[in-house]
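**Q** Take the sequences, apply the hints, and build the full model.
Protein chains in written order, with numbering that gives the first Met the number 0: chain A, 0 to 343; chain B, 0 to 280; chain C, 0 to 268.
It is possible that part of the hints are untrue.
To be verified - Using 25 Å as the maximum straight-line C-alpha spacing, the simulated BS3-like pairs for lysine-lysine come out as follows:
| id | chain 1 | residue 1 | chain 2 | residue 2 |
| --- | --- | --- | --- | --- |
| 1 | C | K190 | A | K93 |
| 2 | A | K112 | A | K79 |
| 3 | A | K79 | A | K109 |
| 4 | A | K93 | A | K112 |
| 5 | B | K231 | B | K147 |
| 6 | A | K99 | C | K190 |
If you are wondering where the hints come from, they were derived from the structure by calculation, not from laboratory data.
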Amino acid sequence: MSIDVNGITKRFPATGAGQAPFLALDDVSLSIPSGQLTALLGPSGGGKSTLLRIIAGLESPDAGTIEIEGNQATHLPPQKRNVGFVFQHYAAFKHMSVAKNVAFGLEIRKRPKAEVAARVAELLELVHLTQFAHRLPAQLSGGQRQRMALARALAVEPSVLLLDEPFGALDAKVRKELRDWLRRLHDEVHVTTVFVTHDQEEALEVADEIVVINDGRIEQIGTPDELYDKPANDFVMSFLGPVTRLDGRLIRPHDIELRPSADRLGAVPGVVTRVVRVGFEVRVTVETSTDPEVLVVLTRAQAREAAVGLGDGVWCAPVRGAQTVPVMSAVNGSAPAPELAGSQ
Amino acid sequence: MATATVVAGRPVRRRRAVRTGGLTRGSALGLGVALTWFSLLVLIPLSAVVVKAAGGGWQTFADTFANDQTMAALRLTVSTSVVITAVNMVMGTAIAWVLVRDHFWGKRVLDVIIDIPFALPTIVAGLVLLSLYGADGPLGVDVANTRKAVLLAIAFVTLPFVVRTVQPVLEELEHDVEEASASLGASRLTTFRRVILPTLVPAIFAGASLSFARGISEYGSLVLLSGNLPGKTEVTSVRVLSYLEGGNPASAAAVATIMLVVALLAIVTLDVVQRRVSRRG
Amino acid sequence: MVETPTAVRWLLRVVVVGYLFMLIAWPTSLVVQRTFEHGLEGLRVALSDPDVTHALWLTAQVSVIAVIINLVFGVGVSLLLVRSRFVGRRLLSALIDLPLAVSPVVVGLALVLVYNGRFGWFGPFLEQHGIQVVFAMPGMVMATCFVALPLVVREVVPVLEEIGDDQEQAARCLGANSMQTFWRITLPGIKWAVVYGVVLSLARSLGEFGAVKVVAGNVTGETQLATLVVQQKYQNFEQETAYSVSFILAAAAVLCIVIVSLLRPKENR
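**A** As structure tokens, this is what we get:
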């Protein structure tokens, strides 16, 4: 295991008079395997950045330990942990050129000039910034600055690479490009990488394994497929993809069929209140006795077959094998397990 | 922490609260050294003033303020400072407005002129005013040894304060708010009165409190200009000096304590106002 | 942006320029005029007066020492105030501004009450160990330090807050220790703020009058600073010399302002 997190708890002092301290992380434990690209995914304020910074040594925990590559790191300052850290807003050394930025870690370690120059050239080549070597960060675009920051962090050959919402400050197109680029970089370089994001699409696309963190606690750990297809609770299910409520359970809108009669187990009667065609999808909103807005997503072919229109009565039935989760389940596995529809 | 730069027309920065950890060993040592120096230089001497004044109990204060000369000096100082502060609030805002909103040849020069009173030695300020408004001045007026001299001197030395606190706020004012006001039908004057001015008010008061504190502490510029005539053109700081030179440090300390209290109030006002401004901005 | 009506704009211009002209620009130019009334003669006479040269030299010494002390203190305190958390931080930050509002005579009185060799709190103790503060160099330096104390801090703190500590954190992750982080990352970032602070402190230190008058005792040729020489010469009817020394001090002050004003655009990169 590359990083072992054990029982980490972190409280931030109260911001105003009479307010309680904020519990950012509550007894969090996890193990991150070597060489893997892991995502810490969750809503803002959920604790994932705090956890990342504690691993880096930029914050200290109130309780718990951190082990990096088998060494106790809990009380080591960040400069001794040999972790590379990439910040959301780049943290570029504004007064140094791109090459000097990348060389910084090596110069601190007093490596010979020739070695430093060679390594800088190698890294700039890797991140495709060779022609910008002598420019200042202010002359680079956001995406380029972040690539420089990555090169800078990789220069000292860290055992672990940590990225804190690395693409959060970039616009959508650049974000997508850098996402792919990060995945390909990892495939080439194979450093244990942990990155924090609140964008579930990003996590699903890039990561080998995802850790979902909410309210200072881990909700679930698994591969992207595991998390999407077998969510442990309603939070994970709603966070990772579209959901709708049917009969007290959460289900994916594309996992509901519209039937003319109650010929399926778990079918619920309702009335169509809205039909919208968006590209190749048809989105049908159905009002049932328990849920005012059940969203059903069909392909055009399915919609034609079902032949439903505004005001029609239909029966909503979960597709055989669909994953559902009861609403308002408790956190951390003390809830009834999610069920597969049609398994009775 | 909120601070505003008061000189050279530099803008106040946006504040981001970035507090990292507590104290490391190194910074604790540094803090200790800094606090020791600060105490030896500022805190202990200032408390010595208060202690000296309080040493004689209420009697010292009573005696000192029963003294006609002292009361006259206090009245003169405070009234002049109040008048000039009011003038500064208007003129300072006007000057800041012209600096920020108007563009004409030679505006840069104005910037330098405004900072002259801040950087000039006060004794030289007195001489400067004397050369125009004194006996040999080209205007033919002679305010030396009159109350007008006191007004003039305090107006001179306190000029930059309101200007430099209002200027950055004006610079950072967003245009679209004024445009929205205009599109809703407000005249320029109404927009100024109801949209712009309220934003400036905290900065004006911050500058005014500094201006007032500076006004009542003024000494150097009045030495040559006002003649320090007892009961007529003598200001508080001159009284303190005469008490001290006259071998009565207790009374000197009593008057000084009053001035310190005002200074503290000014600083607190400044701090509170700037904190509120930064939270809004 | 909505424009001010032309009439109002011109009215404001006239009022503002007029006020500044009558209050500051004209009187200041008159001092320059008076100084050079007889060409360079006035300056020559002034500079050949040993009292004057001694005072100028003393002023330079005291100011430089005070500026250096305030530079070290200022940068150190700024770092502590912005990057660390400790009890009383807000109080300290407010107290640092105190010297801006305190009267110079009160400053002098305060220092005398503590450091006077006969009746001060620490004065007698220090004098027993051979250190004389009041009426001597240390006192003048302290008085000058007091009045210029906040200036470096007020320039550096906003800049430190604005640049944030991301770069410093990045440096630490890359292996830099505190000294390396300070020299290579922090200091270059606050370079211009430090320069402004130093120049402003210098102007303020050169110009101090009231506080040093009380603390230094104004002994001609020994503890008399340039500002005090101006007063003495004027009151002794050596007005030309008074104007000349004033010109020198004023020129130094204006030079400081101009430097700061010129440096400003460079910093807004």
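**Q** For the pair we were handed, A/K112 and A/K79, check the Cα-Cα distance against 25 Å.
**A** holds (22 Å)
**Q** Straight-line Cα separation of A/K93 and A/K112 no greater than 25 Å?
**A** With a Cα-Cα distance of about 22 Å, the restraint between A/K93 and A/K112 holds, given a limit of 25 Å.
**Q** Tell me if the straight-line CA distance from A/K99 to C/K190 falls inside 25 Å.
**A** Between A/K99 and C/K190 the Cα gap is close to 19 Å, so the pair holds against 25 Å.
**Q** Within a Cα-Cα threshold of 25 Å, do C/K190 and A/K93 meet the stated pairing?
**A** holds (13 Å)
**Q** Starting from B/K231, check that the Cα of B/K147 is at most 25 Å away, please.
**A** holds (11 Å)
**Q** Is the hinted pair A/K79 and A/K109 satisfied, with a Cα-Cα distance of at most 25 Å?
**A** Roughly 15 Å separates the two Cα atoms, so the pair holds.
Hint check: no violations occur; every hint is consistent with the structure.
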